[in-house]
Amino acid sequence: MRVSFSTAAAATAAVLVLASCGSGDGGGGGTAASGELAGEGTGDSCTIEGEVPIGAVLSLTGAAASYGESQQRGLELAAAQLAEKGGVTYDLRIEDDQTDPRQGITLFDQFVNDGVSLIIGPTLSNAAVQADPIAQEAGVPVLGISNTAAGVTEIGDYIFRNSLTEQAVIPQTIATATEEFGLQDVVVMYSNDDAFTESGYQAFAAALEEQGVTVSETITFSKADTDFRALLTQAQQSDPDAIVVSALIEAAIPLVTQARELGIDVPIIGGNGFNNPRLMADAGQAAEGVVVGAAWNSASDNPENTAFLADFEAEHGAQPDQFAAQAYAGLMLVDQAVRANCAADRESLKQALGELENVPTVLGEFSIDENRDAVHPAVVQVVRDGTFAVLE
Amino acid sequence: MLAQYATTLTFIALGAIFAYSFYAVLIAGQLSLGQAGFASVAAFSAATLAPSGDDVGDVPALLTAVVIGMAVGAVASVVLGLPTMHLRGVFLAIATLGFAEAVRVVLLNQEWTGGAQGLAVPRILTVGMAWTALAVVAYWFWRMGRSRYGRALEAIREDELAARSMGIDVGRHRLAAFVTSGAVAGLYGVLFAYYVRLIAPSDFDFTAAVDGLVTAVVGGSTMFLGPILGSGFQTMIPEIQRAVGVEAGWIRPFLAGLLLLVVILFLPGGLTSLIPRRTRVPSSSGGPGGAADPAPRLAARAHPAAGETVVSLTGLAKEYGGVHAVRGVDLEIRSGEVVGLIGPNGAGKTTLVNMISGLVPPSSGSATVLGTTIGRTPVHRVAAAGVSRTFQHSKLFNRLSALENVLVGAHLVSRPTFLRRLLWLPSARRDERAALEHAARCLRRVGLGELAGNRASSLSYGDQRRLEIARALAAEPSLLILDEPAAGMNHVEAAQLSELIRSLAQGGLTILFIEHNVGMVLETCTRVVVLDFGEVIASGTPAQIAADPAVIEAYLGTADDDPGGRSVADGTLADPTGSSGAATPDAVTNVDPSAAGTLDIPDTTPRNAT
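From first to last, the protein sequence lines stand for chains A and B.
Residue numbering for the first sequence follows the UniProt record's numbering, starting at 1 and increasing by one per position.
Residue numbering for the second sequence follows the UniProt record's numbering, starting at 1 and increasing by one per position.
For the record, the hints were derived by calculation from the structure and aren't laboratory data.
Think of the CB as a built atom: it goes at the ideal place given N, C-alpha and C, for glycine as much as any other residue.
Relax, there's no trap hidden among the hints.
Quick list of simulated restraints, FRET-style, between CB atoms:
1. GLN4(B) to ASN358(A): 35 to 43 Å
2. GLU347(A) to PHE206(B): 38 to 46 Å
3. ASP239(A) to ALA6(B): 55 to 63 Å
4. ILE94(B) to ASP301(A): 53 to 61 Å
5. PHE206(B) to GLY86(A): 47 to 55 Å
6. GLY245(B) to ALA83(A): 18 to 26 Å
Partner residues are not named here, just some residues of chain A that face chain B (Cβ under 8 Å, in silico):
7. LEU60
8. ARG102
9. ILE105
10. PRO133
11. ASP194
12. ALA195
13. SER199
Given these sequences and hints, build the entire structure.
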């Protein structure tokens, strides 16, 4: 007994030592006194003495890891550029909620206790509903960068988001597509075991009804599915004018590829989940003609977006997706809010975020409305020659 | 200070409660993954059905939800348990996993659950409430540990067959454990829902189930503190990693997995194996106050009067495929007899006692043992009628102490104590002490009094055989069946065993025993039955048997100087080593077939090939 205990203790200690070797900087920076978070000057000339602590809760591992990783890249790029700009320094602490509600809640609790000025995230809308109330109760502003479900900002007056809801993007997509392709009846396919795609489906269904388009069939699948041939054959039988899909990129790629293999050449219309360069990279020729309604126009030539695309590509050797763009825009908006009053305490940030108006960002001209939701132009894109082009 | 860690502490409590739902079945040796399904169904039902906190107050709302959730969890586990309780090991795991997955898919497609987007639930649970609930659950399992019910579950885990023959109704106990698990899982589901504010079916998926199982196993599934330690460990890993500054990302789950591996490798019994296990050995003097307050003796069984029929077999037969293991045995054993059953290896001796003790149903013929008809009567009922046995290959409860093994043996003669232990009733204490002292007496009777606290698996082979006898004796049987009890004993020990058997017989016990030690059989028994090829070839007093030419020919062998003249195929050459035993019946000679000399040719001919 004693022998095995000491062996186990030694082994445990060894692992902990190993763990600490892999550490970067310690996370416990302590609470900055609020006096240090007020500075002098306004806008670009604003200078704040202390570091502004910002917490970010992302799903870096677990089911939503691919989005969290994109968001991390976007945030880190923005943080690096803000550090270069100077005047205000940010202490950005990115933490992983492991796509687990328990971790998300614990992290929000810790960030609130650590005295961060603002929390960015979490990645998933469900996690936001679970964790945002903690920040709301403690009076810590939250900026959601990918929460698209309805009701997230209704949690309270400290909860903001820069991500357009499905309801803001999808009606426009359906309206444009109906006009372009003269849609009369469509088949809708969606994965019903994911909150993001399910709320996307609901927005599609409402928009289709509004446009007077008949839904001849609704087919559900699981987000883990990769073989859609049987479902697509079923969809083919009702000879639709288009197939409307609410799915994550992991399902979107095989679905689009297999549809084209089966000879389905009607337009495929997707939502935010499709707004990812991997669609063209992995589906190749099959992606041509896919219509993607999205919150971020990756083809936009506004100066912020052009610079972002170039910088991201230089940093990571790959094109950013919508999650990265929204994350990047998120931290830039926080910087904008800090500089507006040249103060980074929680109350000033809350007030400044609510007053953001017509800020040029990679997402276009950005404002926050009275419900603390994002207002900026949505875009309907179509894949042409391997890139997203705006569908006029 | 505490407020800062409230979230973590709450999740430790919640994780521990969920782990208890796995512990509840692991302790009975069942591997179930259905608990996530129970928790899910309970959480969604309770959150939908329970009144709002605004109408009745928060705490009553939560309590109502808990009651609904536990009831739903228990009902769901009965529904799943009834058709699956006969499944074992990985098959049960797969069946229950299928159930949990079915629940997830159904809830996902229901309107009232909110589908993938989940169901909003108010946060009512506080860290204090979570730990109160955990304390109640932990208390339940703590008090269960040393009750008759708890020991029965452990016995089932260690050896189901042996538990059955000690009179434990395995089916009922397994179902009870399963329902406990369902109710505890339901409790977890409700508490979780009322803490995290939003529940979605994906919160109770396969990953969640595995998480609960890992927590229970890492903590240790044989001691009630296990789930709490396991949950503390599992919940603290991410905290510690954050505190020491491991970069967020894949490295953390990797290190967590590595740490888990280390714990399981070095502590296979879980974290609780760091806690020394206290074994109770009642002092023979009775301890303080023992003299003033003598423990009540256990209800002794009234044996049938001497000469009454205990076992009556008519034309009993057993076939396995085309092999006739036992053929048309007619046998009557009367109370007070000591019957020795001898015969060459493969003669059907063990099959015959397996039928008598109810383990194996006969193919034809009829058998009545102590008033019960053998065939469709479950083993535990036969045991309850007063049949107790040992096994040819020891079937001890290996991870239990010698004393606990014997306590399980006393299952039939002791009273249920779990519910009274929950209430700390003094009568439960008295009953437990009576059972303990009874068990200690049985141990001393076979000479194992000193080894009471040792694990059964740590005993020597001979001591294990004796422990089996003590365990069988603890049931206070009317018919004791011993299957090769002296195997592995030296001649001194065998002589002591012979002495013990005779003294038991004097106490009114009927004994049937199989033994290869022919000398010992002839010395001990009042009657000897010789079996060959599944048939009784002789029956009579030891003197008659020793002189019976057929027996000598078939089993004991003669001093034949022409072994080659006999046919191997007809099996008469089966055991030629017993000649010395036959010649001097009083000598205690072990004729274990493994000690057979070089003379014989192994009998490889299929039996009854015709």
